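Trainee: If you want the building blocks of each chain, they are given just below.
There are 2 protein chains.
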Amino acid sequence: MPAHRRPVDLSKAYRLLNHGPTVLVSAASGGRRNIMAAAWAMPLDFSPPKVAVVLDKSTWTRRLLEESGEFVLQVPTVSQVDLTEALGSSSGLVLSEQSGTDKFDTFGLQTFAGTKVAAPLLEGCAAWLECRLLPEPATQQTYDLFLGEVIAALADSRVFSNGRWHFEGHDALRTIHHVAGGHFLVDGAAVDARPLQPRGTA
Amino acid sequence: MPAHRRPVDLSKAYRLLNHGPTVLVSAASGGRRNIMAAAWAMPLDFSPPKVAVVLDKSTWTRRLLEESGEFVLQVPTVSQVDLTEALGSSSGLVLSEQSGTDKFDTFGLQTFAGTKVAAPLLEGCAAWLECRLLPEPATQQTYDLFLGEVIAALADSRVFSNGRWHFEGHDALRTIHHVAGGHFLVDGAAVDARPLQPRGTA
Numbered sequence: 679m680p681a682h683r684r685p686v687d688l689s690k691a692y693r694l695l696n697h698g699p700t701v702l703v704s705a706a707s708g709g710r711r712n713i714m715a716a717a718w719a720m721p722l723d724f725s726p727p728k729v730a731v732v733l734d735k736s737t738w739t740r741r742l743l744e745e746s747g748e749f750v751l752q753v754p755t756v757s758q759v760d761l762t763e764a765l766g767s768s769s770g771l772v773l774s775e776q777s778g779t780d781k782f783d784t785f786g787l788q789t790f791a792g793t794k795v796a797a798p799l800l801e802g803c804a805a806w807l808e809c810r811l812l813p814e815p816a817t818q819q820t821y822d823l824f825l826g827e828v829i830a831a832l833a834d835s836r837v838f839s840n841g842r843w844h845f846e847g848h849d850a851l852r853t854i855h856h857v858a859g860g861h862f863l864v865d866g867a868a869v870d871a872r873p874l875q876p877r878g879t880a
Numbered sequence: 679m680p681a682h683r684r685p686v687d688l689s690k691a692y693r694l695l696n697h698g699p700t701v702l703v704s705a706a707s708g709g710r711r712n713i714m715a716a717a718w719a720m721p722l723d724f725s726p727p728k729v730a731v732v733l734d735k736s737t738w739t740r741r742l743l744e745e746s747g748e749f750v751l752q753v754p755t756v757s758q759v760d761l762t763e764a765l766g767s768s769s770g771l772v773l774s775e776q777s778g779t780d781k782f783d784t785f786g787l788q789t790f791a792g793t794k795v796a797a798p799l800l801e802g803c804a805a806w807l808e809c810r811l812l813p814e815p816a817t818q819q820t821y822d823l824f825l826g827e828v829i830a831a832l833a834d835s836r837v838f839s840n841g842r843w844h845f846e847g848h849d850a851l852r853t854i855h856h857v858a859g860g861h862f863l864v865d866g867a868a869v870d871a872r873p874l875q876p877r878g879t880a
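Just so you know, the sequences run in chain order A and B.
Here the first sequence is numbered in the numbering used here, starting from 679 and rising by one per residue.
Here the second sequence is numbered in the numbering used here, starting from 679 and rising by one per residue.
No lab work stands behind these hints: they were computed from the structure.
Some clues are possibly wrong.
A pair counts as met if it fits within one copy or between any two copies, since identical chains are not told apart.
[Stated by the list, open to error] Calculated cross-link-like contacts (lysine to any residue; reagent style SDA-like; alpha-carbon spacing at most 25 Å):
id, residue 1, residue 2
1, 794, 778
2, 794, 859
3, 735, 778
4, 690, 815
5, 735, 858
6, 794, 723
7, 690, 859
8, 690, 782
9, 794, 710
10, 735, 834
11, 690, 860
12, 735, 813
13, 794, 684
14, 794, 839
15, 690, 735
16, 690, 861
17, 735, 818
18, 690, 760
19, 735, 866
20, 735, 812
Just so we're clear, the structure is a prediction, and the values are computed from it rather than from any experiment.
Construct the complete structure from the given sequences, taking the supplied hints into account.
Mentor: Shown next, in the form of C-alpha cells:
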C-alpha cells in the first residue's frame, strides 16, 4: 500500500462523506466489475457507520451490487474530474456487450484490492469506503435508494488525517461536488464556526 | 419578496442540493416551529424532485415534521456558518420548555412565508426547498431517514440562476459543507469536465 494511503477508524468514516462530495461507486460480481459516478450519496449513521446512495435502475453497477451485496464508495479528486464525468456518462453494460471490455480497461484505470469486499478500489482517489449492502428491497425498488454499512475505510493521509480534511498544499487532491452536466464545484477554504450567543446574553 | 429571491423551476430544484451542502431543516406544527442543521441531506429524484434527509429521534424538528407532514430545506451561506453550527447544537425543545421561546426568537432570526408549506423559511439563505413528507414509517423508524417531495423552490438569483451556481463576486453567499465539530469547507472554484477519450481512441 502506498505510504500515503491509511486506514480510517470506522468511528470517523462518516467524515469522508459528511461534506457531500460526489462519489464513484464500484461493484463486482461473477468476474464482472463496474464503476459509476453518483452525486447522491451521504452518511446515514455514525456507529456503525452507514451510508445511503441512489443508483438508477438502468445502471450495471446496481445489478452487480445487488448480486454481490457489496460495494465501494470512493471520493474522487479534482484531478479526476474528467474521469468522474466520463464514468458517470458511460455504461459499463453497453461497453461489455459491444466490445467485451469494461470501464476499467476502456479508461485504463488502476485499481487495488480492498480488505473486506471484492469490488475494486480505484487508485488516485482521496478516500474509499468498503460497504456491505443493508438489503431493503422495497426502498431499493421504489426510490432507487441503497443503504450500506461501512466495514472498512481508507483515506489519502496527505489530505485526510485525524478525522479532518486538510487540502492546503494539495490542491490537486481536493474533492469535487457535481452540480449538473459535467459542471463541478471544488472544495474551497476551511472555516470554523465561532460560538454564537443567544440574543440578549452577549 | 426581495428582488434577488426567485422561484426555481422544479425540474432544476435538485441542483440546489446536488453539490452536497449542509442544510437547515425547518418545520412547524400547532403554532410551534423549529429549525436545525443537517449535513446528511441529498436529492433523491429529478422529476418530481425528491429529497432525503436524516433526522435524529431526539430532534424537535423531526417531531414537528412528523405532525405536519411538511418541511423546508434551506441552504445556508458562509455568512451564516456560526448560526448553522448554533442551530445544529442547540435544542428547540429544551429552549421551549426552559424559557418558552424558540430558536427563532433566541437567535433573532428573520423568516418569511413559503408558498406551499407552513414551515418558516429563514432569511439570508442561498436557496429554499419546500417539501411534503413522503411517509415511510419503517424507514423513518429504522434509519432516521425521511423522504420528501419538493413542491416549491427558491434561490438567491445573485448566486443561482439558469440551473447553475455562480458565486464569483459573492463570496459571502457561498454555501458550506460541514465536516465535523463546527469545521466546514466552503464552496471553491467551479470546474467543467472535459471529454475523456477511451484508451486507444485518441
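Trainee: Checking residue 735 and residue 778: alpha-carbon separation at most 25 Å within a copy, between copies, both or neither?
Mentor: Answer is within; shortest intra-copy Cα gap is 22 Å, inter-copy 49 Å.
Trainee: When Cα atoms must be at most 25 Å apart, do residue 794 and residue 723 count as within-copy, between-copy, both, or neither?
Mentor: within (19 Å within a copy, 31 Å between copies)
Trainee: When no copy is named, should residue 735 and residue 818 be tagged within, between, both, or neither for a Cα gap of at most 25 Å?
Mentor: both (9 Å within a copy, 23 Å between copies)
Trainee: Please work out whether the CA atoms of residue 735 and residue 866 approach to 25 Å or closer within one copy, between two copies, in both situations, or in neither?
Mentor: neither (34 Å within a copy, 33 Å between copies)
Trainee: For the identical chains here, do residue 690 and residue 859 meet the 25 Å Cα criterion within one copy, between copies, both, or neither?
Mentor: between (32 Å within a copy, 12 Å between copies)
Trainee: Given a CA cutoff of 25 Å, do residue 735 and residue 813 count as a within-copy pair, a between-copy pair, both, or neither?
Mentor: both (16 Å within a copy, 22 Å between copies)
Trainee: Pop the pair residue 690 and residue 760 into one bin, within, between, both or neither, using alpha-carbon distances up to 25 Å.
Mentor: between (29 Å within a copy, 23 Å between copies)
Trainee: Taking 25 Å as the upper bound on the Cα-Cα distance, should residue 735 and residue 858 be classified as within, between, both, or neither?
Mentor: within (20 Å within a copy, 33 Å between copies)
Trainee: At most 25 Å between C-alpha atoms: does residue 794 with residue 684 qualify within a copy, between copies, both, or neither?
Mentor: Within one copy only: 15 Å inside, 48 Å across.
Trainee: Regarding residue 794 and residue 859, is the shortest C-alpha distance of 25 Å or less found within a copy, between copies, in both, or in neither?
Mentor: neither (34 Å within a copy, 29 Å between copies)
Trainee: As a check of your reading, is residue 690 near residue 815 (CA-CA no more than 25 Å) within one copy, between copies, both or neither?
Mentor: neither (28 Å within a copy, 29 Å between copies)
Trainee: Which holds for residue 794 with residue 839 at a C-alpha limit of 25 Å: within a copy, between copies, both or neither?
Mentor: Within. Shortest intra-copy distance 21 Å satisfies the 25 Å Cα cut-off; inter-copy 44 Å does not.
The structure fails hints 1, 2, 4, 8, 10, 19 (numbered hints given earlier, in ascending order).
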